[in-house]
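Asks: Spelled out, the chains give:
2 protein chains.
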Amino acid sequence: MSSLPVSRPENYYTQHAPLGAFASFSIGMIGRPGGFGHALRGPANQNVYVGYQVGGAPWAMLPFFKPPQSNEAAFTGEAATAQAPTNITLLGPADYTRTLGWASDTWTTPAKFAFSILSPFGEVGDPQKLSRAAARQAFSPHVNAWIEFDNTAGREPVRLIFGIGEPDGILRPLEDTAPGLAGFAHGTQWGYATLPGRDVEKRQAFDILNLKFRDYRGLHVIAGETALVFTVPAGKKKRFPLALGFFESGPVTTGIRASYAYTRWFDDLEDVLAHGLKNRAAYEKLAAARDRELARAKLDDDQKFLVAQAAHSYLGSSQLLWGAKGPLWVVNEGEYRMMNTFDLTVDHVFFELRYFPWAVRNALELFATRYAYTDRIKLADGRTAPGGIAFTHDMGVNNQFTPAGRSSYECDHLHGCFSHMTMEQLLNWVLTAVCYAEKTGDTAWLRKRKATLLACAESMRRRDHPDPKRRDGLLKHDSARCGPEGAEITTYDSLDVSLGQARNNLYLSVKALGAWVLLERAFARLKLAREAVAARASADQLAAAVATKFEPETQSFPAVFEKGNRSRIIPAVEGFVYPLYLGIQDATDRQGRFGKLLGLLERHLAGIMQPGVCLDATSGGWKMSSTSTNTWFSKIALAQHVVRRLFPAALSDAARAADRVHADWQRQPGCGEFAMCDQIHSDTGVTCGSRYYPRGVTTILWLDE
Amino acid sequence: MSSLPVSRPENYYTQHAPLGAFASFSIGMIGRPGGFGHALRGPANQNVYVGYQVGGAPWAMLPFFKPPQSNEAAFTGEAATAQAPTNITLLGPADYTRTLGWASDTWTTPAKFAFSILSPFGEVGDPQKLSRAAARQAFSPHVNAWIEFDNTAGREPVRLIFGIGEPDGILRPLEDTAPGLAGFAHGTQWGYATLPGRDVEKRQAFDILNLKFRDYRGLHVIAGETALVFTVPAGKKKRFPLALGFFESGPVTTGIRASYAYTRWFDDLEDVLAHGLKNRAAYEKLAAARDRELARAKLDDDQKFLVAQAAHSYLGSSQLLWGAKGPLWVVNEGEYRMMNTFDLTVDHVFFELRYFPWAVRNALELFATRYAYTDRIKLADGRTAPGGIAFTHDMGVNNQFTPAGRSSYECDHLHGCFSHMTMEQLLNWVLTAVCYAEKTGDTAWLRKRKATLLACAESMRRRDHPDPKRRDGLLKHDSARCGPEGAEITTYDSLDVSLGQARNNLYLSVKALGAWVLLERAFARLKLAREAVAARASADQLAAAVATKFEPETQSFPAVFEKGNRSRIIPAVEGFVYPLYLGIQDATDRQGRFGKLLGLLERHLAGIMQPGVCLDATSGGWKMSSTSTNTWFSKIALAQHVVRRLFPAALSDAARAADRVHADWQRQPGCGEFAMCDQIHSDTGVTCGSRYYPRGVTTILWLDE
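So the sequences go chain by chain: G and E. The first sequence: position 417 = 641 (my numbering), numbered continuously. The second sequence: position 237 = 461 (my numbering), numbered continuously.
It is worth saying that the hints were derived from the structure and are not from the lab. A hint or two may mislead.
Identical copies go unnamed one by one, so any copy, or any two together, can satisfy a pair.
As the list claims (entries may be wrong) - List of simulated lysine-lysine pairs, DSBU-like, C-alpha gap at most 30 angstroms:
1. Lys-353 <-> Lys-693
2. Lys-700 <-> Lys-436
3. Lys-290 <-> Lys-426
4. Lys-502 <-> Lys-787
5. Lys-290 <-> Lys-700
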């Protein structure tokens, strides 16, 4: 095998985000600003000042700011030049240790300095049923942080600093609107605060470390840089709390007009920050519980890093809105900001069902009521036929809900990227719905959606063939929405044809198999015996049809059952994650009803999990397809889970060792420049799409291994 | 004399702005984006697509966009590269004529293409008394535009395009929320629209001129570039209307919590855009009236350009808010975004009293109620004494109203920039208040503020000397807020000591003289005979004291009556603008009570209005001070008015010719990169502060010459 050496130093952004605010406080890249960002497609661009000063020594600062081009010059008429920071020692990665927990991110130095940002998460009840107090606790749009110095052995006072400089804006002292807060805010939208005290100094200046102009209270509120400076006396160890908050008032979405849910429970930013400081113990406790849980998990350090970084970026894309009909759950698609992209919803289901299953139901309902449509399919002779129910790829983009039955992504007359994903989303509704109902036991909801489930089964069969006698289980018909010239694609839109084309696609066929298995379970749960039997028959038929595609000569499956395709793909086994997840043992039993197919898939995997095929020849990382160097981390994580659980014998040593490679991708600037990234060049580890991305939480599956 | 040759091409941004929305649509710089900006300190960064296509020829486009780094690559996983526009001929300044009117900005080409943006303004009544319909008409946060092609002689259809691409955001089709509008919006905050029609096509794509992906309605709503494309058939001339709108809902300020006044009269952006299109005839008529008025004015073309460009930037900084106590008028200070900087209020008074005098009263009231304070002054022996009423430099910054009695700008313990401007603001309240009352005849208000006026007179005298017997009229005492180490400055904060120091300052002394003249008038109006007499006596005393500072050997006044200062300044005469403006003839009569001083000032001016003194040796532009190359255009304009009206004999040919220089400064990138700029290096014409600045409307005074 070949694999990249572990690259040092680690150098990556992490999104520190509350649940449901579509907002992050992002820092971590060496030499790069970050800070508060709402609804952005990447980190913000604020100077973040974090550091300490022992006595009169220079400030020792974490490297998260750039020397600001002093706005002083704009007033004094002098030439504006970026001023090199004076009185500063910039800490490099050799000077500090960074520890990313599941719900924390902590920098410590041997000098006994520590700074930590917490983004706790955990089980959250249905927001429609929560008390006001519980809703405030769950959805406060803030994260807690703290800054500390152990000066017990020190002989001089130590000063600690936390500050923000916004290059295009000017912050305001929070004391003007909230005497109980020491800190600064940008308008009504974001800010940071601690509790006032004699050991807390507020600063606002052109150069926050070298004060030059001070007004009656020591500030200069026309200046762009702000900070809180804390004093730790000699002989003492002190930790100071911080709250970093967001607030967007009023309607933020169009199409469906909705505001942030938190605006129901909080008056303004000041309310949020005060709440965050007052209740910090509970948030710290929750973060510690998550951190401990991950630390104790039977995962290696690379896996733990990936689980932790993924959760951070997921939270940053999460958004709980409230419209005329109540709560609206949205996960925004990272840099693309598409809303509830169904391809992501189905992958987030494992994370969301663990912590807030109502979110899954909420998205399923909106897909069923607003983003479902009645499709037609294209026949070989150019005519169209009824296709049955279908669902859109997404619900909109950038806070605009698209019109009913329409996505923001899908275009007509295409064969590749931006075409329709009709079969994919049909399967996604089935899989997501049954996972939700089975995991939560919410059979009442399943019953309510019985007609939808039945329509889905019918639509799946029609896409195989309108004539029941000519069905074999494989998708052979594209949605008429593609137009005469177009063809459906799969979620793997940016890969080559191996995963791009929907018809006769190995990945999509096995995923359909998973959907039939879940439909059988759902119909049985609903006591629809005949439909359960029929679903079982469809599954068996499909499994048999897929098995016939195995090539004895290559001991593997082609990615597409057409045109002599010779690509090899790992997502061949993706569809088995659903029966595995729900514990439907007769579907995953190697001696059971799909035993033959599972055996073939194991041989397929054993053959392709080799360097130069589906392990990158340069890096050793997992490649979705043998014929594309564009690989997707969230899908690697999902496939790893399925392979380790169902096909452990197919795991080569090289394949097993790749966690280090995948973690290094994310820990280095190639991906780390945009926090968690999903689409990655498997040879270089550099992202090529899906930046600042929520879907890495498929790693939650690893905790079930 | 020396003067810059007229530089071509003209190359400058202009702010196209409605009244009171603190928002501009800025374009005009060659090769630079612009577009919609709210509360910014410079032009926005959107691609603005304006052009035409004859038949199948390449698009001929105005140069207001950069080739977007196609976001397509982020989806397809390919390397993102800025794509050179294809199918485009970029028009250069040789290809079009740009005509800036007082309320319009129009580009025409010999090919019979024309594009125009209108920003009409005119008399507006008190917003508290306006009908809803009148308020909507006056304060709709939009500007109208139109695009036209004369294809009467053409044999092929012509297409016209107007479009916007926002690099960090994604627009949405307006038809989803307003079927009566064809256009696009960025969230709920800004957008553009025309009326739907068969000759109007909507486009949204990664590359707006070369469509590649189209959804069911021909758009691709995940893409960042949008446009409207209009068709002009062969043989026809057609003009299509556009509305460019802004909308910020909810409270936008802190300190005093207030929302935009327009949110009282408009529901949302769609309402604004529909209103703008429906009522375009009235707006076009008003713009045409303003344009005609300026065109007919007895000014040269350079002056007309300066008057026009100034009005555009003024409107962009104007802001009408509504708080718990009613309307709040704010003019933001350009790039600094300080709110109602009093130094600007006093200079805007000539423009505002012409069109919306209630705005002046509104600001005066807030200064009198919230931003006045009782000051103490510093004595020579280190003690302090009562100083009387004083006013802050400003009311806050960047939408935060500072606490009562405190500005955002003023700091303590300083001698230069950022020190207190106490005497300056005291005079500003007097001058602004009396100008308002005299011009409007609102003696009722003057009566209401009688105590404030009396307190101002008392404060002015105390700052001369606490002991009445030792007064000579000159300011000799600094505010105690400066601290033991500090000293008051004047509004000319970034110049050298010639205009920086307040004590014994020639400029401030003559300005104080103007204030005494106006106080005499106001007290007479209020039938306070004794106080009128006393004000007159103070004026006479001050005039006599100033006259003693004339240096016979140099035939001029020193800028500061201290320490052998030898700087020469043009603002020596600034204070006479107020009696001149109000027609107080006995104060401006060369044979009258100030005849001696006026005579000395004329000799002063005649001596300094020479190259190398107060005309820049390189450029020929007017310099505020002989010892600083930082000059301020708004103050030049004001001084020009006073000199031309009161001291025409002092005008050298070189001084008279400088309009061309001053206009070229603003027409070239050195200033034009930020629309109207105020602080300018007199040798290079490059701005050194006060960018995107409202104060150029002192040019309105020229219309009275």
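Asks: Would you mind marking each hint as holding or not holding in the structure?
Replies: Results for each hint:
In this assembly of identical chains, the alpha carbons of Lys-353 and Lys-693 never lie at most 30 angstroms apart, being 49 angstroms within a copy and 78 angstroms across copies at closest. With identical chains, the CA atoms of Lys-700 and Lys-436 are at most 30 angstroms apart between copies only, with a shortest distance of 27 angstroms across copies and 73 angstroms within one. Taking the closest pair of Cα atoms, Lys-290 and Lys-426 come within 30 angstroms of each other only inside a single copy of the chain (21 angstroms); across copies the shortest separation is 42 angstroms, beyond that limit. With identical chains, the CA atoms of Lys-502 and Lys-787 are never at most 30 angstroms apart, being 65 angstroms at best within one copy and 58 angstroms at best between copies.
Taking CA atoms no more than 30 angstroms apart as the test, Lys-290 paired with Lys-700 passes in neither setting, with 56 angstroms inside one copy and 44 angstroms between copies.
Taken one by one, the earlier hints fail for this structure at numbers 1, 4 and 5, listed in ascending order.
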